[in-house]
Amino acid sequence: MSNFDQVEPSSILPKYADSSSSSSSMAYIRASCKTTLYSNLCIQSLSKFGHYSPLQQNPQQLPQIALSVSHSRALQTRAYLLGLSIQLNNTIMKKNDLYLDVQNCLNQINDSVDQLGQSIQELRRMNLPKDVVAVNIDDSFLWHISNVETWVSAALTDASTCVNLFNPDPKYKAAAAAARAKP
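The sequence shown begins at 1 in the working numbering and counts up one residue at a time.
Think of the hints as simulated: they come from the structure by calculation, not from any bench. Do not rely on the hints blindly, as some may be mistaken.
Said to hold, decoys possible - Label pairs and their in silico Cβ distance ranges:
| id | residue 1 | residue 2 | range |
| --- | --- | --- | --- |
| 1 | K48 | S146 | 25 to 31 Å |
| 2 | N136 | N107 | 37 to 43 Å |
| 3 | S153 | N89 | 29 to 35 Å |
| 4 | S146 | R30 | 42 to 48 Å |
To be verified - No farther apart than 20 Å at their CA atoms in a straight line, the calculated lysine to any residue pairs in the SDA-like style are these:
| id | residue 1 | residue 2 |
| --- | --- | --- |
| 5 | K34 | S23 |
| 6 | K34 | Q60 |
| 7 | K48 | R73 |
| 8 | K48 | V69 |
| 9 | K48 | Q64 |
| 10 | K48 | A31 |
All residues carry an ideal CB built from backbone N, CA and C; glycine is no exception.
All chains, full assembly: derive it from the sequences and hints.
Set out below in structure tokens:
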């Protein structure tokens, strides 16, 4: 279990934007997501926050929102896997490979939840003013960013390991699909 509180992404953003601000926020989201590994998923996950005050006025908001969305999805995945694990534990499948794979996957997702929570906390530790547009890139800033990059990379690796635990056997398809759907 994670020691980190779940942060509702919308709680980071205080006010709604007008339609011109909203479209510039969406353009900023699209441009930011374009450089990510899963750009379509990034845009899909963050687009619902495009109607808030212009994100580009505070560059720190988008990473905070993205991490909070990922953390929330990881918590949902963990809850699903925990329920599946309990269900399998209560059946004769307890010693089955599927049960063991679900347990291993649950461990990986637990790690992902913790790593994403650490990343959120690390961004908060940077103590950037809410209205900052330019950041002094010093050793401390780079150290914090490096920590976030490391933990997010580890969280993605753990989620991928979870998905890869399920082989192409038809009985694993539902569990693998569920793990993929809730990264």
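Status of each hint after checking the structure:
1. Here the CB-CB span from K48 to S146 is close to 30 Å, well matched to the stated 25 to 31 Å.
2. For N136 and N107, the hinted distance range of 37 to 43 Å is satisfied, since their beta carbons lie about 40 Å from each other.
3. A hinted range of 29 to 35 Å holds for the C-beta pair S153 and N89, which are about 32 Å apart.
4. Take S146 and R30: their Cβ atoms lie about 26 Å apart, and the range 42 to 48 Å is violated.
5. For the suggested pair K34 and S23, the alpha carbons sit about 16 Å apart, so the restraint of at most 20 Å is met.
6. Of the pairs offered as hints, the one joining K34 and Q60 holds, with about 18 Å between alpha carbons and a cut-off of 20 Å not exceeded.
7. The hinted pair formed by K48 and R73 meets the criterion: a straight-line CA distance of about 15 Å does not exceed 20 Å.
8. Restraint check for K48 and V69: satisfied, since their Cα atoms lie roughly 11 Å apart, inside the 20 Å limit.
9. Under the criterion of a C-alpha separation no larger than 20 Å, the hint pairing K48 with Q64 is consistent with the structure, at around 14 Å.
10. Proximity of K48 to A31 is assessed by CA-CA distance (about 15 Å); at most 20 Å being required, the pair is judged to hold.
Figure legend: structure checked against the earlier numbered hints; the only hint not met is number 4.
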